[in-house]
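Both chains are given apart, each in its own frame, so use the hints to dock them into the complex.
Here are the chains, one letter per residue:
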Amino acid sequence: MRRWLIDSITAFAIAIPTVSAGQTGAISGSVAQAASGAPLAGAAVVLAGTGRGALVDTLGRFTITDLRAQSHRVEVRRQGYEPQSRLVVVRAGETTFVSFALALSTQVLGAVRTEATAADRELFLTRPSLGTTSLNSRSVTAVPRLGEADIIRVIQLLPGVGARNDFSTGFNVHGGEADQNLILIDGYPIYNPFHLGGLFSTFMDATVRDVTLMTGAFPARYGGRLSSVLDVRSAAEGRPGLHGSAELSLLGSTAMLSAPISDRGSWLVAARRTYADLVVGAFSDEVLPYHFYDLHGHAAYRLPGDWWIALTGYGGNDVLDADLSEVDDDSVAATAAEGNLFFRWGNSVVGATLSKTITGGPGADSVVLVQRASGSAFTTDVDVGEGSASVRHTVVDRRLGGDLTVHTAAHEFATGYELSAYRLATEDGSPQAGIRGTYRRQRASAFALFADDLWRPSPGSRWLVEGGARLEGLSSRDGLSLAPRLSVKRFLRDDFSVSIAAGRFTQWTHTLSREDQPIRFFDVYALADSATPVATAWHFMAGVERWMGSTRQLRIDAFMKRYDGIQEFWLGENPFVNGDEFTPTTGASYGIDVLFRQYESPDRRLSGWITYNYAVASRKQDGERFAPAHDRRHNLNLVSTLRLGRYVIGARLGIASGTPYTEIISQYVRRRYDPINNRWENPGRPPNDVDYIGGTRNGARYPLTQRLDLSASREYRHGRATVRPYVSIVNAYNAHNVLVYQLDYGLVPPVRRTLSQFPFLPSAGVSVAF
Amino acid sequence: MRSEAAVRWLVLAGVVPGLLACELGETFVPPGQSFLLVHAVLHPVAFPVTGLPFLLERTWDGVRYVWQTGPPYSFGEPIVTGGGSPEIRATVEVTTPSGEVLRAAEPNATNPESCCAGMYFVPIAGSALVAGGTYELRIQTSSGEVLTARATMPAMPTVMVQPAGVFDRSRDTLRISWAPVAHAAAYELVISNPYRDVTAFTESSTVHLTGALRNTGAEGFPNAFLPGFEQRVSVYAVDSNYYDYYRSSNGGTGRGLVNRITGGLGVFGAKAPVLHRVVQVVAPFTRPVEGTYRYFGTVEDSIRTLITGLTLYIESPAAKTGVTEALSGAYRARPRALAPLFFDTAGAFLGRKWGDSLELAFLSQHRITDTMEVFKARVIGDTIVGRYRQRLGTWRFLKN
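Those protein sequences? They're chains A and B, same order as listed. Just so we're aligned, residue 1 is where the first sequence starts under the numbering used here, counting upward by one. Just so we're aligned, residue 1 is where the second sequence starts under the numbering used here, counting upward by one.
Next up, chain B with everything else stripped away, as it sits in the complex (with noise of 0.2 Å):
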């Protein structure tokens, strides 16, 4: 949310260039050079079982094919299906402060580039990272190639879960504090959002969230808070490794990135929960379209429908006539055991408005990203009445 990032971004829109200067074609040119890049995050809830993911790949230089348009993002595979060049087969170790050395491990050891390629799971436990020591990461290719770095572990405070409320963003401020963490260089705010998450960092123990707030690290700067979503907001203490490693970029210059890693670049830091919130977003009703509706037909229908309930809002009205309306809510689908397996059982959408018809796009994890299925439908009275994209038949949904 810096606002460094705001003057970047209208920059980097082109506003003066746009007006005037042209683009003159594209050209073939020479590769480029390849850098070890790693992202890799201490973090002290992390699940024992599989240990911390670190990320090793190489940077683009036009030799290595890089997915850009290829298929969805996969968890799985971040480095391969987000536009990343893995590098296989290298050693990753981490040095406690104990002194010992933890070998991370590849999940398909005997043939990385059929999974995970570029994912190197270290083996620690979160209850065992310690608070103010220094871990040392020391990477090793396959063609000898080594990189290092240290981070200093932020104290690990008990980490507040404060119990779910609601949240009117029109009325509402989320007023949240925490007392000062130990080694901590800087602190992160978190904001769940399906477009991307809201990030800020802060050196203060304390932050006031209005309903007004907007994600300015997303295209187009939607709404942070939307209703009829669940989402969470996190605060993390980190270390000053993370911290300069994401307040800075490089840019179109080519430089300004703060780099602590030796022999590479990227970011080996800390981070430690502090606190998570989540509320559920919510707005007055205030236009004939917004309220709750439930699946209204006939009994063997309603076996057969995928959602039964909505919570429909006007999430911003038109900027002018002939636009849409934007739309979200919350939704509630049938129990695990009769809905489709990729389906959430309750969850939120997004959409649009135009005249008397809507388009809903029903998220998986809240992610505009993940859309699972899109209803396009008409109001008509209290009523509204649509197809679903992937499913044959009309389904009614009635206005309570």
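The following block holds chain A by itself, in its conformation from the complex (with noise of 0.2 Å):
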């Protein structure tokens, strides 16, 4: 049955029609912000007096083909934006190319008002789904950062997202565990995307065009995770000419170029790296053996017939290489003797789309072919003296995919299929002493079919029904899943929606990371296999919008949500034997988000937004029921961003109770017996083989958390130069939030320290860009 299921999507994957020009011309063309140069999806493009026209896609193009040969007015609109026309020449048997580029406008339309329509505008008036937020580049550049811009950093102020601590930029969507979540960049997934331990994602400001983050409930066409899913969107440049960036900033520095390819394309490059090391050895003998660095390039170009190819290079590493012989001070004991410390981890993405929009056809308004390939890969490579110790593991994972989307008048009849080979593989051991300790070597292949359905049942309708299915295999386990998903909407007036959403959601790459831990340098996957359950979870969720006016949102969303066969990485799991990594735990969260957002426009200097997330998680494993530890009860964050001219002055306040933890109630000290002369061993001056006896799991909580950050830059323009200087302080006041708790129960009376989370960390940089 599989067999046969992979050889239909495989010829529905080599069958996907090619389609002729034809003998009469086209119109093909970009459509973009002109102050950003983002592609401008959804813009409507319309030949005047014909009926004919086409609605801009996600890489803001479009194409109308089967046009007579003759002058024609083409027209774009967008709502917010000042309308374009202009008159194109269509000749037989040829495509004419087109570029736009439209200016944010204010428009008066009949009696009501509005301004900059935002994305999340547009979501609202045309999807049914619950808890989908997005965010462009300017919106994440206006909040204050610890050095450099981080998306996800942002990412984590939006509702239904927590984060465990300011060390991690890891996030927690709707009580699911940091691993559930689909992290993807132009639609190819990528692992464990941080830095540090998760202090940084891998992913630079100036690369990115938006991001959306979908917190539950998402369509069929995604998969793979319990909790979320966060597409980052590469930018492409829709200006003429060379145009590039650069930052400076206490961490690092990044450099982005980016151009037009002629009016077919544009492609992108950009590199950061940071300097600290480097820093330290030039002006001092210190060594800092840490850095981190990441390339990205995207390129979208369209070939001839109309096809678009668009491509995504990323590849980034951590490299933690420690001479401890050269780190360490010099004490009574040489250390010179001391060996080396080597961590390296790293990810990387590569792929590719093709795809073709084709306007008109029988029964549909257009269709939109899209096929992908891609591969990413994240290995991690720890070494302790040399090969006296060591750790490898990487995952690789290969896709094919491709859907149809088919737009009608009413539908939006979307249907694909995905093809993923996953190769994993983890050793640990010493290979100076021939040791092999863990050694799972693990392949296998997926594959997704899904159908999805957006039905508006007539132009003037108030509801929006979508729905859809996901049909999933791994062929390491046995049986088939389905995943049905259903979102429905109803307008109780234009401004004013209740929905209601449900769906199935499986995931079958597990994290072998222990979740209580405060800090994750990064995460070990294994795969669903005849051991290892693949986990699922349903999703209900139930929510209303409001907007007042085309920039203001309020949004108020309910989730419940059911783990079975989350799979937590058992400590005790013996390295020489594979298939006892995990303990299965069932699970069950709920809450509600609050989503008040006021977004940027022409008269209105302060955009931002408010969140209020409620949620409460629980997990049972072997019939204890516990907490997990990022079960964050109540979130606030207020993000704001005030422009006055050419200053941006940005604030973000976050106010959030305390996440559980397990209390340590006792310490005792490990001792070896020596068989030789039957005594036990010196073991050394505490903490040397002292461990710790928690109590409770996550039975205790750390105090409240809060933060207040600021942000303040100014524009400076110098010709074509923009030159951008900023100050950022994170923790303003330097509230003393607490980051772990060391206990001490040797000394009488025992004594607790305490570890912060971010102090007051004042941070300043500079922008160009051109």
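In case anyone wonders, no lab produced these hints; they're calculated from the structure. Check before you lean on any hint, since a few could be wrong.
Said to hold, decoys possible - Facing chain B, a subset of chain A residues (Cβ under 7 Å, in silico):
hint, residue
1, Glu338
2, Asp516
3, Arg753
Said to hold, decoys possible - To give an idea of the chain B side of the interface with chain A (calculated C-beta under 8 Å), a few residues:
hint, residue
4, Glu26
5, Thr50
6, Gln68
7, Pro71
8, Arg196
9, Ser205
10, Leu209
11, Pro222
12, Gly252
13, Leu257
14, Phe285
15, Glu315
A virtual CB, placed ideally from N, CA and C, is assigned to each residue, including glycine.
This is the structure:
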């Protein structure tokens, strides 16, 4: 059965039809925002007087075919932008290319004054999905940062999202674990996109056009994770000529170059590297043996026949290469004898998308064909003492996917497939001693077929219904899994809707991580197999959304999730035995997210959002019920950006209740028997061989946390160049937020030391763009 | 040597929090809880005179004082001087596979606080242990708490005692293999090391040890093999209790230990020796200061000298200018009759060298925790001239 299905969808992939140009002519082109150059998805392109037209796709492109060879007036409209029109000559057998750049506008439509329409407004009007939020790079840049602007740090401030602590860019959605988020870069999966234990994400702000976060009950085209989808899209250059930007911060520097490729596409390359190691080495005898770097490239090009190809490449690595004999101060025992510690972890993504938008055709306004191929890898290499102890882990995810979307007046029907080939390898041991510990090789293929239909019964209908299903299978597990999805929206008024949604979700990549640890350097993955089941979750959501004008949004979503077969890494697993790595866990979570957001517009200087999340999560394992370590009950965030001429002032205030932790209730010394001398060895002075005993799992909670971050920047213009120096302060009033407690029961009375999260941290930098 | 330990090391080292986190201070907290903790290992070649030493103590709770920075560690008082809180006057019994109940003795039963507190000696001769036999431990404290555990003795093969050999760590690989042992959950490799023994578990019955191996269980990952040292490489077959206890731990999250003790925690395990091999670690002399030295002085002084000969190695060269080089080597002392009581007649030293100055620490039983004497000196041509910390006079050693 499975083979038949795989064969069928492979055939489907190969059989995606190509469409001939025909004997008439065609118009193809791009539509972008004039200010940012970002593609303007959803804009309507209309040929005056013909009734023909097309919608601009997510890459900002459109094509209208089968046009009579004559002059046509092409009009481009999108709510919130100045419309444009242009006379375009179509010649027989040729495609005429044209590009538009729309400026923001203030329109008067009847009695309703509308301002710049945000992507969320589009979502509100056109999609019934709940919990979906989008951000563009402009919103991200204005949020106070630690050194580098970071998309995922801003994502942590969105409704339904929480983070364990300041040191983590990992995020938890609606009570789910951090490994339950599907993170995509231009539609391709990326594993563990974090640097330095989660302190920074791998996404460079300059390369990001926008991000979309779906916190639950997402459509059937997405699968493989239980909690959320974060879709990060690369920027595309819509302006003529070469452009670039550079940012220097205390942490590192980022440089980006971008340009259009005639009028047929654009390219972008960017690189980032931290340089604290170089600075320390240049100005002192000290050694800071750590750096990370990222490389990102993206290009889109229109091929003959109006096919578009988009390519994305990303590579990044963290490197900690410490010769401890250099790092440490010398002491009684010569540190020259000390060894090396080498950590390297990083990910790489390469992907290509071939797409075509066909306007018109029998029974359809337009048809979008997309074929996608990608490879994503994440590798870790830990080596202690030049091979005396090592851990190596690799996950490679190669995917082939495609979808076909048919737009009609009432429907947007999409169907597609996804074929994945996974290769995971984990081994540890001591090459220098010829000892092998964990040795696990997993190879599996997975497939998914999905169908999804967005239905608006009539143009004026107040109902929006999206239903679909995803059929999935994994070669290392028997059986197929069906994941239905449904969301329904009812507009009570033009600006007010209620929605409900539900869906089933599956996840077969599990992480061997200790969720209770406050800081995770990276995840090590394992696939579901005969010993490890696929985790599943049901999402149920209900929400109301109200727009006040087109730039103020109030959204309240309630959610409930039930988990089954979540796999938690069992700390006592035997490295010589495969299949005992996980402990099955069930769980549930429920809560409410509230979002009030005010979007930027020409006459509104203040923008930002306020979110309040209430979430309760619980897990059950071996009959024991406990709150997971990310169970943050209350989370309030205020994010604001004030633009005053050339100044931009940013502020973020976060107040959140504490997360649970396991209280240490005792300690002990682990002793080793010396059989040669029939005695017990000297354990050395504490903390040597001192271990900790925990009380009730996550039975205690850290105190409330609070943090105010501020930033300010000013824009200077010199010719083509824009220079923007900024200052940023994290934790402006130095709130003492607890990261972790360290207890010492060897003292009388016992003592608790508190390690803090971010203290008061000022930073500064400058960005230059041309 | 498990690599997870390396990850844990980095996390505990606080690389990330160390960059940005700060300590918010200390507060006193209420006492914690105290649990019975036992460390007990069945081993067949224990001295039948004393029996097998089992340790019984209480975990730290902030009520009982624990000696963390007190006097040096004493093998005769392992709990009190090793950061523990002994549990005395308990009844410790081991039931053998044949049903015989062996009752452990406290060395000083009338006043157990005065000596060896928390030590209980089980009167079982190594030869009496039964391969594949299950032993039951039962402990009852004076307050009535009961702790129980069971352990199965692995098979006890004839121990291979391989002849001592020279191991040139710059080029040699020590290949060791043994026959599989019945009832063994894993094998424990132990390499004696001055910092702490190198230990690793393996399921294989062969290991290949290179001279570049590092001791990842010791701070700073020093070399496992040190030129000038006589080091023992041993392999033990261990039962699942022993293996599970020593490969797992709770760590900072307080969870993760595989504990097979009912009524408390710790280990009641079994290990059987499989192989012992002693290697004399050497390395080529490549630097001027390296080589063998003999005492050089008057006949009168030669009677008083502590050390009569040295073999000196640059154990690790300096990683950068301005820091010291690490030294290691072997020494010969005067015959026992002429040497101080505490001083081994032959052994090893560790040291450091900067410029033409050097400092050597002569170790007792090859352990860095037990330094017998320190010698500070200068290198003048082929001569080392210096003074001992605890002995008057200037002493010279001439390179051979």
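Each hint, compared with the structure:
1. Glu338: holds, 4 Å
2. Asp516: holds, 4 Å
3. Arg753: Given a least distance of 5 Å, the restraint on Arg753(A) holds.
4. Glu26: Holds: closest Cβ of chain A sits about 5 Å from Glu26(B), inside 8 Å.
5. Thr50: holds, 7 Å
6. Gln68: holds, 5 Å
7. Pro71: At 12 Å from the nearest chain A Cβ, Pro71(B) fails the 8 Å test, so the hint is violated.
8. Arg196: holds, 7 Å
9. Ser205: Check failed: Cβ of Ser205(B) comes no nearer than 11 Å to chain A, outside 8 Å.
10. Leu209: Cβ of Leu209(B) sits 5 Å from chain A, so the hint holds.
11. Pro222: At 5 Å from the nearest chain A Cβ, Pro222(B) passes the 8 Å test, so the hint holds.
12. Gly252: Because about 6 Å separates Gly252(B) from the closest Cβ in chain A, which is inside the 8 Å limit, the hint holds.
13. Leu257: Cβ of Leu257(B) sits 7 Å from chain A, so the hint holds.
14. Phe285: The hint is violated - Phe285(B) has no Cβ within 8 Å of chain A, the shortest such distance being about 18 Å.
15. Glu315: holds, 6 Å
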